[in-house]
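Enquirer: Read off the chains here:
Protein chains: 2
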Amino acid sequence: MNTHTNNTNIQEIAIQLAKQAKNASKNLLKLHPNLKNQMLLNLADDIEKQQDVIIQQNEIDVKNASAKGMDKAFIDRLTLNMLRIKSMAEGVRQIAGLPDVVGEISDVKIRPNGMQIGKMRSPIGVIAIIYEARPNVTIDAAALCFKSGNTCILRGGSEAINTNKILGQILSKNIQVENAIQVLDIADRQMITELVQLRDYIDVVIPRGGKGLIERLMQESKIPMLKHLDGICHTYIDKDADIEMALKISFNAKCQRYGTCNTTETLIIHSHIAPDILPSLAKLYKTEKVELRCDKISYAILAKEQYEYLTAANHEDWTTEYLAPILSIKIVDNLDQAIEHINTFSSKHTDSIITQNHNNAMYFLKMVDSASVMVNASTRLADGFEYGLGAEIGISNDKLHVRGPVGLEGLTNQKYIVLGHGEIRE
Amino acid sequence: MNTHTNNTNIQEIAIQLAKQAKNASKNLLKLHPNLKNQMLLNLADDIEKQQDVIIQQNEIDVKNASAKGMDKAFIDRLTLNMLRIKSMAEGVRQIAGLPDVVGEISDVKIRPNGMQIGKMRSPIGVIAIIYEARPNVTIDAAALCFKSGNTCILRGGSEAINTNKILGQILSKNIQVENAIQVLDIADRQMITELVQLRDYIDVVIPRGGKGLIERLMQESKIPMLKHLDGICHTYIDKDADIEMALKISFNAKCQRYGTCNTTETLIIHSHIAPDILPSLAKLYKTEKVELRCDKISYAILAKEQYEYLTAANHEDWTTEYLAPILSIKIVDNLDQAIEHINTFSSKHTDSIITQNHNNAMYFLKMVDSASVMVNASTRLADGFEYGLGAEIGISNDKLHVRGPVGLEGLTNQKYIVLGHGEIRE
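Residue numbers (our numbering), protein chains in the order written: chain A, 1 to 426; chain B, 1 to 426.
Keep in mind that the hints were calculated from the coordinates and are not lab data.
Given the structure is predicted, the values throughout are model-derived calculations rather than measurements.
Do not take every clue at face value.
Copies of one chain are not kept apart here, so a pair can be met inside one copy or by any two copies together.
Here are the simulated BS3-like pairs of lysine-lysine, each with C-alpha atoms no more than 27 Å apart in a straight line [claimed, not checked]:
hint, residue 1, residue 2
1, K222, K19
2, K26, K286
3, K283, K68
4, K296, K248
5, K119, K109
6, K222, K22
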């Protein structure tokens with residue numbers, strides 16, 4: 001009975017929050033771009049000014065999380081220090097400096113009847129962002145949503161609740177549009193379940209976090225999501241690859257950082273080039289003690305080389321995001337086999353071909369169905385900053401709306417506008 | 001027990017169909033644009049050549065539907081005659097004539113590290129189209145999906161089963177990519193329920209039909225949809241409207257056709273101009289015996305005019321799609337009130353302002369959150385042909401992906417492509 005009452009309360013609060021967010025939309029849309037940017041710059045300054053208070057609150061969260069036995073990586077993501085606070089503020093300044101996209105008119109064409117038809121970029125509306133205990137996301141997401149004219153409801157991991165509370169206060173103080181940014185300080189998980197039902201008020205849900213969080217939301221949500229579940233990225237070394245380039249990119253794509261979603265997890269190599277390149281690759285990967293999980297052919301080659309960290313790949317390896325110094329290797333006889341493997345096992349995040357052959361490069365670009373498809377570049381380059389979007393609120397592996405890094409444009413849509421002079425339907 | 005077995009069978013068939021559609025995708029992507037267009041032209045010719053057989057099968061459906069007591073409008077939508085078959089074929093020829101959008105590269109920019117980043121337009125993948133007993137949709141949807149590189153599963157209303165069967169045969173004969181277009185001939189409604197669960201194979205569901213069909217699919221579907229539930233469109237006559245233009249557009253927007261989703265259902269009038277314009281409007285609407293459901297002020301004005309078909313509006317009128325010679329009328333004191341009314345009650349389909357005032361026009365365009373926002377034009381102009389998209393597979397009132405008429409572009413997405421020269425993440 002108590003739980004029931006509690007859930008009802010939480011449902012009511014969720015509806016209240018969502019209504020407030022929806023009502024705030026129009027006030028946000030009326031703001032002059034300069035004023036929006038000024039508020040963002042004030043926010044950045046204030047974040048730096050209040051760093052002591054922020055760190056104080058963050059220390060409480062860190063202490064509680066440690067007491068709860070959360071692991072090192074978790075604590076690291078939760079922790080704010082002076083450098084990280086400075087970088088949060090810098091991020092906001094960068095977003096303030098990006099061109100405003102709201103109201104942008106494009107593709108205007110004159111129709112035979114005289115009317116002009118074009119597109120105007122608009123905010124999506126109300127965005128709910130559900131994320132883990134990473135307080136920098138609070139500021140990042142708030143700034144991106146605000147700049148793109150969206151109101152947002154931010155629900156970070158409950159372990160960051162004290163940090164998010166103070167950040168929420170700093171946001172309210174500087175972003176002076178009531179309810180434009182609502183940072184939740186209700187730890188109860190039920191709040192998320194309630195929020196993602198409210199499709200009359202919330203237009204899109206953006207989850208950021210581990211696979212567990214996102215899978216659960218996919219089950220619960222009645223609202224469309226922008227999301228990526230995992231990052232199983234491939235690098236394919238074509239027969240006509242430049243060997244030096246292939247070595248450099250393959251090493252970078254795996255070893256530059258292990259825990260990121262754009263890290264290559266499977267290396268595909270053309271059979272003609274495999275005997276030549278695998279020994280050199282092994283030398284590189286050995287420096288990082290990378291475990292190589294190999295199909296039959298690559299296993300045979302590397303066994304001859306007496307590669308220390310060698311394992312036989314099984315079927316599961318093609319569908320595993322290691323997030324670790326482990327790489328699966330697959331040998332193919334032609335480009336089509338490589339593409340077939342990628343389109344079967346890729347998580348549609350980022351896949352790259354290394355080749356000097358123009359036809360193969362263009363064919364790969366066309367046929368690989370992933371959010372980012374690359375030629376002669378490291379999959380690690382797939383992100384908003386590297387692409388010049390300025391900042392990203394997440395990555396989408398889905399096939400509707402926006403694919404890949406979601407920046408300001410991805411947080412908007414385009415409506416049709418018609419400029420007429422009295423035209424009617426004949 | 002029987003039902004259970006039956007449902008299991010249907011589920012298996014659905015999975016089989018969806019897998020086939022997914023597998024066919026890559027073959028479709030490899031087709032040369034010229035070859036695609038040639039197949040479409042052959043299809044158009046064949047439709048005309050086989051008109052007698054089509055009409056023969058259609059007559060069976062019409063006879064059965066009449067025997068089942070379906071209403072006149074239903075029978076009309078179901079019926080094919082020589083003229084309609086000719087127009088179906090013409091539609092296919094027009095689609096063949098549209099530019100191919102698959103593989104189109106745009107927005108290529110050079111990044112500081114030297115790599116080029118751009119976008120490439122790709123098919124969404126597998127599209128399931130669920131529609132009512134309107135056989136022309138079968139050909140239209142098949143041609144649009146094929147041209148845009150998508151494989152499709154078409155499930156039309158069971159009352160059109162014989163017509164769709166023969167159309168499916170003509171499609172298979174001319175569109176020579178196995179399983180690129182699968183027209184279902186299973187009448188069981190369970191098939192739809194099964195199909196919309198298969199999010200591993202089907203990328204998007206496009207429902208076309210009445211509100212009941214779409215609401216049911218919204219409940220059932222695990223797959224994103226492109227849809228519009230209804231069309232509650234507004235025309236707002238601003239204080240600074242040109243009276244003649246306002247009369248012409250308001251009459252056209254309501255009376256050019258009643259049963260369409262882009263027909264204006266509510267007329268909003270600025271209070272300054274209402275006493276002047278309402279009597280003239282009433283004269284026009286009287287010729288069509290349009291029932292006017294008026295708020296207090298407009299009621300008072302038209303009562304004085306002794307308008308014959310006058311009713312008092314209640315709250316429900318603002319949320320009703322009449323699809324009939326009925327129009328609700330609301331008086332407002334300023335532009336913001338008009339926008340507020342529209343953003344509250346509009347179905348986000350199409351809304352238009354009639355004004356000579358530039359600031360008001362631009363403000364209306366920015367603030368109204370609908371798929372099509374118009375200045376000085378009839379809402380009846382909101383459709384794919386009028387917008388120059390060539391043809392549309394439907395209309396989306398949603399806020400992600402594409403808004404408004406969905407043509408070839410709406411059936412595609414844009415992936416990022418990176419053209420590198422060995423760039424890595426530093």
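Enquirer: Now look at each hint and say whether the structure bears it out.
Expert: Results of checking the hints against the structure:
no., hint, in the structure
1, K222 - K19, "both (17 Å within a copy, 26 Å between copies)"
2, K26 - K286, "neither (57 Å within a copy, 38 Å between copies)"
3, K283 - K68, "neither (42 Å within a copy, 76 Å between copies)"
4, K296 - K248, "within (24 Å within a copy, 75 Å between copies)"
5, K119 - K109, "both (10 Å within a copy, 22 Å between copies)"
6, K222 - K22, "both (17 Å within a copy, 26 Å between copies)"
This entry does not satisfy hints 2, 3, going by the numbered hints stated previously.
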